[in-house]
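These protein sequence lines map, in sequence, to chains R and P. Anchor point for the first sequence: position 22 equals 22 in my numbering, and the numbering is continuous, going up by one each time. Anchor point for the second sequence: position 42 equals 42 in my numbering, and the numbering is continuous, going up by one each time.
Calculated directly from the structure, the hints in this document are not laboratory data. Note that CB positions come from ideal geometry on N, CA and C, so glycine has one too. Be a bit skeptical, because a hint or two may be false.
Unchecked claim - Computed spacing ranges between beta-carbons, pair by pair:
#, chain 1, residue 1, chain 2, residue 2, range
1, P, ASP94, R, ASP231, 28 to 38 Å
2, P, TYR113, R, LYS140, 48 to 58 Å
3, R, SER4, P, THR31, 53 to 63 Å
4, R, ASN45, P, ASP122, 48 to 58 Å
5, P, ASP94, R, ARG241, 36 to 46 Å
6, R, ARG161, P, VAL32, 54 to 64 Å
7, P, GLY92, R, GLU41, 18 to 28 Å
What the hints assert, rightly or not - Listed next, the in silico DMTMM-like pairs over lysine to aspartate or glutamate satisfying Cα-Cα at most 20 Å (straight line):
#, chain 1, residue 1, chain 2, residue 2
8, R, LYS188, R, ASP147
9, R, LYS44, P, ASP67
10, P, LYS78, R, GLU41
11, P, LYS83, R, ASP153
12, P, LYS49, R, ASP153
13, R, LYS52, P, ASP72
14, R, LYS78, P, ASP72
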Amino acid sequence: MENSRRSFLKVAGITALGLGTKPVLDVFAASGGHGAEPKPEVSKNEKALTAKRWGMVIDTRKFHSKADLEPMIEACHKIHNVPKLTEPRHEIMWLWEDEYKHVFTHIEHELINDRIKHLPFLVLCNHCEKPSCVRVCPTKATFQRDDGIVLMDFHRCIGCRFCMAACPYGSRSFNFRDPRPFIKEQNKEFPTRMKGVVEKCNFCAERLAVGKMPACVEASNGAMTAGDLEDPGSEVRELLRTNYTIRRKPDLGAGPSVYYIV
Amino acid sequence: MNDKNKIIFGLIIFIAIVTFPFLYNLGRASTVPEPKLSEKAKAAKECIKPKEDMKQEHMQILDLWRDTVVRDANRVYKTSKGKTFNMSLSTGEDSCTGCHENKAEFCDKCHNYALVDPYCWDCHIAPEEKKPEEKK
Numbered sequence: 001m002e003n004s005r006r007s008f009l010k011v012a013g014i015t016a017l018g019l020g021t022k023p024v025l026d027v028f029a030a031s032g033g034h035g036a037e038p039k040p041e042v043s044k045n046e047k048a049l050t051a052k053r054w055g056m057v058i059d060t061r062k063f064h065s066k067a068d069l070e071p072m073i074e075a076c077h078k079i080h081n082v083p084k085l086t087e088p089r090h091e092i093m094w095l096w097e098d099e100y101k102h103v104f105t106h107i108e109h110e111l112i113n114d115r116i117k118h119l120p121f122l123v124l125c126n127h128c129e130k131p132s133c134v135r136v137c138p139t140k141a142t143f144q145r146d147d148g149i150v151l152m153d154f155h156r157c158i159g160c161r162f163c164m165a166a167c168p169y170g171s172r173s174f175n176f177r178d179p180r181p182f183i184k185e186q187n188k189e190f191p192t193r194m195k196g197v198v199e200k201c202n203f204c205a206e207r208l209a210v211g212k213m214p215a216c217v218e219a220s221n222g223a224m225t226a227g228d229l230e231d232p233g234s235e236v237r238e239l240l241r242t243n244y245t246i247r248r249k250p251d252l253g254a255g256p257s258v259y260y261i262v
Numbered sequence: 001m002n003d004k005n006k007i008i009f010g011l012i013i014f015i016a017i018v019t020f021p022f023l024y025n026l027g028r029a030s031t032v033p034e035p036k037l038s039e040k041a042k043a044a045k046e047c048i049k050p051k052e053d054m055k056q057e058h059m060q061i062l063d064l065w066r067d068t069v070v071r072d073a074n075r076v077y078k079t080s081k082g083k084t085f086n087m088s089l090s091t092g093e094d095s096c097t098g099c100h101e102n103k104a105e106f107c108d109k110c111h112n113y114a115l116v117d118p119y120c121w122d123c124h125i126a127p128e129e130k131k132p133e134e135k136k
């Protein structure tokens, strides 16, 4: 036959194509076939506390001296394995105290009344509505959750400290040294950090997830309140409605979520 | 061609050098270590997935879990058999190390053999090693 080579090639080509599609079909057959076992699921704990936008109200009328603030700071730093470094440049702080003229720089004046002048104020991350730290983070290690909490993914932090430069409240600390030797009692339920990582208050996200209020709120005997700023019926909204409150540097437009009753 | 001897001598040296690492390690190949399960893990019988899957995929699972927990705040994992776990490396009884409480025997054995050095324990606190015999 004069066409034998041509027809042979045709048949060979079609056969090769047929064999080639078999593995592909097998994959489709395998992926469609199962369904007997349910897929694993991830979810939130049923007890988890949720809010549209978390916020905090601190009643400074209930504090009189530094000693009054110690229990909250102690509770926070203890459960989060925050190291106690004495060298001021290396200090790590999630929750700490400062005086009025440093905390409320935009409304401070020299003739302020005596009580306010000498009163220590509790300061922490303000979990801003428009957090500048999140905008500058090059690795998205710092991000804002849907419920307003500004969190850090310590795994991703490369230690560039842009966020520290961006934060108008100085709420962030950098681990210049390995923090482990400076933690007196380790809380095994929470990780420590390593050298070269920035850290800050996390609004006790790990406690909210299991239905507990932030540690400072729990230790404050009612002087601190956390809740949903967008729920008109929440306890924080009630406090904000019935008391005069101020925020730190609101004119910067970051929208801090920590309010102070003075 | 009078360099026959030189060439043969050179070839012998070449072969000796090239085959040295193989000959040196002949018969000394260390066996692949088997991770040892803690009593608790043995009693539980099954992890979140079958053993073979865990062997191959535990690193991807841990990576996925950390994003799920930190970013999406989803912390409870329900397996296809309906068992729930706390999606955490080191927090609580139903976390990874809550069951696999022998880091040296379970994690390090293979990691050392495979020369991988994961940085989990730079931050996460490893479970305390329980000594088989109590020291006074």
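Comparing the hints with the structure gives:
| no. | hint | in the structure |
| --- | --- | --- |
| 1 | ASP94(P) / ASP231(R): 28 to 38 Å | 32 Å, holds |
| 2 | TYR113(P) / LYS140(R): 48 to 58 Å | 35 Å, violated |
| 3 | SER4(R) / THR31(P): 53 to 63 Å | 59 Å, holds |
| 4 | ASN45(R) / ASP122(P): 48 to 58 Å | 27 Å, violated |
| 5 | ASP94(P) / ARG241(R): 36 to 46 Å | 42 Å, holds |
| 6 | ARG161(R) / VAL32(P): 54 to 64 Å | 43 Å, violated |
| 7 | GLY92(P) / GLU41(R): 18 to 28 Å | 19 Å, holds |
| 8 | LYS188(R) / ASP147(R) | 27 Å, violated |
| 9 | LYS44(R) / ASP67(P) | 14 Å, holds |
| 10 | LYS78(P) / GLU41(R) | 5 Å, holds |
| 11 | LYS83(P) / ASP153(R) | 28 Å, violated |
| 12 | LYS49(P) / ASP153(R) | 26 Å, violated |
| 13 | LYS52(R) / ASP72(P) | 14 Å, holds |
| 14 | LYS78(R) / ASP72(P) | 25 Å, violated |
When each numbered hint is compared with the structure, violations occur for hints 2, 4, 6, 8, 11, 12 and 14.
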